[in-house]
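2 protein chains.
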Amino acid sequence: MTEPTVAIVGAGFGGLKAARLLAGAPVRVLLLDRNNYHLFQPLLYQAAAAYLEPEQVAKPVRAILRRQKNLTFRVAEARGVDFARKRLITAEESFPYDYLILAIGGQTNFYGLAGVQRYGFSLKSLPDAIRIRNHILACCEKAVLEKDLLARQALLTFAVGGGGSAGVEMAGALAELVQGVLVKDYPELDRDQLRVLLLEGQGEILPGFPAELCRVARETLGRKGVAVRLNTQVADYNGRELRLKGGEKLPAATLIWTGGIAAAPLARALKVPLGRQDRILTEPTLQLPGHPEVYSIGDATYLEAGGQPLAMVAPAAVQMAEKAVANILAAVAGRAPSSFVYRSPGLLATIGRNAAVAQIGGLKLRGFLAWAVWVVVHLIRLVGFRNRLMVLINWIYDYLFYDRAVRLITHED
Amino acid sequence: MTEPTVAIVGAGFGGLKAARLLAGAPVRVLLLDRNNYHLFQPLLYQAAAAYLEPEQVAKPVRAILRRQKNLTFRVAEARGVDFARKRLITAEESFPYDYLILAIGGQTNFYGLAGVQRYGFSLKSLPDAIRIRNHILACCEKAVLEKDLLARQALLTFAVGGGGSAGVEMAGALAELVQGVLVKDYPELDRDQLRVLLLEGQGEILPGFPAELCRVARETLGRKGVAVRLNTQVADYNGRELRLKGGEKLPAATLIWTGGIAAAPLARALKVPLGRQDRILTEPTLQLPGHPEVYSIGDATYLEAGGQPLAMVAPAAVQMAEKAVANILAAVAGRAPSSFVYRSPGLLATIGRNAAVAQIGGLKLRGFLAWAVWVVVHLIRLVGFRNRLMVLINWIYDYLFYDRAVRLITHED
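Residue numbers (our numbering), protein chains in the order written: chain P, 1 to 413; chain H, 414 to 826.
Be aware that one or more of the hints could be misleading.
[As the list claims (entries may be wrong)] Computed Cβ-Cβ distance ranges for the label pairs, DEER-style:
| no. | chain 1 | residue 1 | chain 2 | residue 2 | range |
| --- | --- | --- | --- | --- | --- |
| 1 | H | D495 | P | G367 | 51 to 59 Å |
| 2 | H | L792 | P | I396 | 17 to 25 Å |
| 3 | H | P600 | P | G346 | 37 to 45 Å |
| 4 | H | P600 | P | P26 | 38 to 46 Å |
Simulated from the structure, these hints should not be mistaken for laboratory data. We put the CB at the ideal spot given by N, CA and C, even for glycine.
Construct all of the structure, not just a fragment, from the sequences and the given hints.
Structure follows, in structure tokens:
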């Protein structure tokens with residue numbers, strides 16, 4: 001009897017974890033991703049803010065999994081699944097599977113705001129981060145040459161939409177880029193014209209965090225030079241000007257949209273029942289209803305805990321990977337699957353240098369201590385010894401010299 | 414009396430050197446480049462071969478020159494010069510100058526081979542290097558999925574056109590990428606199908622080097638897995654197949670063309686007398702005939718020494734910058750200009766890890782010693798403390814682990 005094939009779609013946190021857990025198991029593993037690298041999403045904003053080189057927040061999948069004998073990796077984009085024939089379909093060919101783990105991840109949700117989608121930046125992929133970095137620096141170079149005051153104000157206004165942890169981290173890093181580096185690089189620019197805005201639709205940033213930490217985070221952002229605007233909803237954007245609900249207009253040549261997230265488009269193509277945000281509905285065992293050999297894990301999975309949908313975060317994806325692999329190995333051995341239960345490791349959001357907020361169990365941390373926790377957690381998690389070393393050097397350099405190492409505009413605009 | 418303005422076009426080795434030499438001089442300096450960074454061209458091939466991160470071979474001009482008080486930097490592409498009105502013309506505006514230093518650099522010369530220009534890669538810019546890296550890695554991923562033997566052979570054949578030092582360095586680095594890393598990353602590929610070709614039109618590689626070192630370099634390339642073909646001229650290329658003069662056809666999905674170099678296109682737009690390779694003819698003082706306030710330095714300058722045109726290399730650009738600045742300061746002080754004399758620091762070409770050939774004065778070096786000289790020379794020259802540190806770490810890591818750190822395909826093909 002040949003060993004069963006476990007196909008995994010996506011080499012994000014969940015897919016990669018599942019692949020690794022299957023090393024040594026009596027199965028063949030086929031891992032597919034449309035990119036040849038695993039992206040370390042939690043540090044992506046640092047590449048966008050010219051802190052880190054893009055190559056430092058990603059690592060080739062083949063380099064990570066080179067030693068895993070029972071694994072085959074393919075760069076290919078899954079287009080759909082033939083559940084009846086148990087085949088995974090890509091543009092080039094189709095792959096048979098016995099078990100399938102969908103770890104397809106998320107994409108930016110623009111909530112139907114066509115202008116924001118067209119002219120705003122999302123921050124989900126490595127090219128996204130490179131585009132943002134190039135755009136911000138190009139805006140400064142253009143502002144130097146721009147004689148019209150309003151047009152210059154737009155070029156020097158960097159708006160972030162969405163006050164969740166992604167938006168808070170991006171805005172904090174941008175403020176430090178602006179105040180710590182760009183004002184020195186561009187002495188000819190009016191310091192007061194350089195603005196970082198964080199626009200949040202609700203009454204407070206960092207939803208899900210304790211109110212006390214939200215307030216601390218908001219004050220810290222303010223001190224670092226971020227203008228936080230609560231109860232501020234974006235109605236439209238044309239690349240030069242933001243229109244808010246209520247009619248107010250803000251000149252801004254940059255809008256980084258972190259305001260929403262949904263499942264990757266493959267979820268819809270599967271033609272299976274979806275929950276909110278197009279997320280794939282699963283049984284508590286992570287199996288798809290009616291397809292017990294198919295599992296969904298990570299951001300694109302819709303499961304509730306305590307009446308709330310699970311957060312779309314890396315720890316949930318990793319824990320789901322553990323459960324899906326355990327259930328597949330149980331099935332291979334003829335045992336029954338068990339249900340997934342999420343154990344939250346806590347909440348953590350960084351606000352630039354020396355500042356973060358964290359809740360770990362009952363413990364609430366803030367300021368430098370929370371930031372130190374954040375640094376340690378992310379360095380440990382960052383895949384690969386070498387990336388860790390390089391990132392650490394970059395951070396230490398930045399910390400000592402208050403400089404941004406990477407601020408190249410690598411592509412023509 | 415206001416201080417005269419010295420405009421400099423191009424922030425390559427020559428332009429940057431000129432700008433720095435003018436620090437503290439009684440002039441205002443305007444430096445223009447179409448990119449916001451200085452590119453360290455001698456290591457560009459390492460970014461193309463996934464050795465170094467692109468950000469490690471470039472540094473923002475504003476970061477380099479931040480402390481220079483009499484300097485203004487602009488990202489803008491020069492389109493021409495109004496010599497009569499003494500204005501430098503860009504797409505957006507024009508800048509007045511009293512003295513002008515043209516340091517416009519070179520571009521790849523395809524010698525009218527339209528197919529090579531269209532489907533081949535040049536290796537002159539940072540985007541060029543990123544494109545080559547992405548393409549090579551994408552070829553491997555495609556080869557894994559390719560069932561047609563000939564098509565797979567083409568995908569796995571990496572041809573370098575031109576056996577000068579750029580071609581030798583590129584081919585050596587590619588061979589090490591292929592033999593040291595890709596064969597491990599892609600165990601499913603047939604090792605014998607992975608080929609690196611170096612095509613040289615003349616009877617020997619490394620023109621200008623002593624015959625003995627040329628032979629050593631050729632043998633070293635062979636040992637590292639590069640098939641060196643002498644007296645082999647490319648007649649046409651269609652992206653899948655190379656046609657050689659004589660009719661032979663070679664399947665190759667990759668052709669990196671280092672076979673020729675010419676002055677940047679601005680040289681033609683100036684409508685001044687040009688020499689071979691469209692290089693700008695100057696007086697021995699580096700002044701343009703009839704325009705004593707305009708100087709040309711670096712690759713795009715046509716000057717002969719001993720009946721031969723000067724080599725298009727960094728040391729020549731730097732020495733010309735010194736002379737042009739000295740002559741401008743002489744003119745400001747009412748003194749006469751003096752003639753440029755090139756002092757060659759020697760010849761140096763590296764052939765991957767542990768091997769290089771060098772001629773310094775009467776001394777001929779080869780093997781590890783020449784390579785050590787190469788490492789030291791390039792680390793010292795590489796602009797900026799941090800880049801130096803990061804590059805050193807990358808090199809040491811590579812040296813110890815025989816691994817390629819950077820092998821991401823960062824853009825969709």
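task = Take a look at whether the Cβ-Cβ distance between L792 (chain H) and I396 (chain P) falls inside 17 to 25 Å.
result = holds (20 Å)
Distance restraint evaluation - D495 (chain H), G367 (chain P), Cβ atoms, bounds 51 to 59 Å = Holds: the Cβ-Cβ distance is about 58 Å, inside 51 to 59 Å.
message = Assuming the hint says 38 to 46 Å, is it satisfied by the Cβ distance from P600 (chain H) to P26 (chain P) or not?
response = Violated - the Cβ-Cβ distance for P600 (chain H) and P26 (chain P), about 21 Å, lies outside 38 to 46 Å.
ask   = Is 37 to 45 Å right for how far apart the beta carbons of P600 (chain H) and G346 (chain P) are?
value = The hinted range 37 to 45 Å holds for P600 (chain H) and G346 (chain P), with Cβ atoms some 40 Å apart.
When held up to the earlier numbered hints, the structure conflicts with hint 4 and nothing else.
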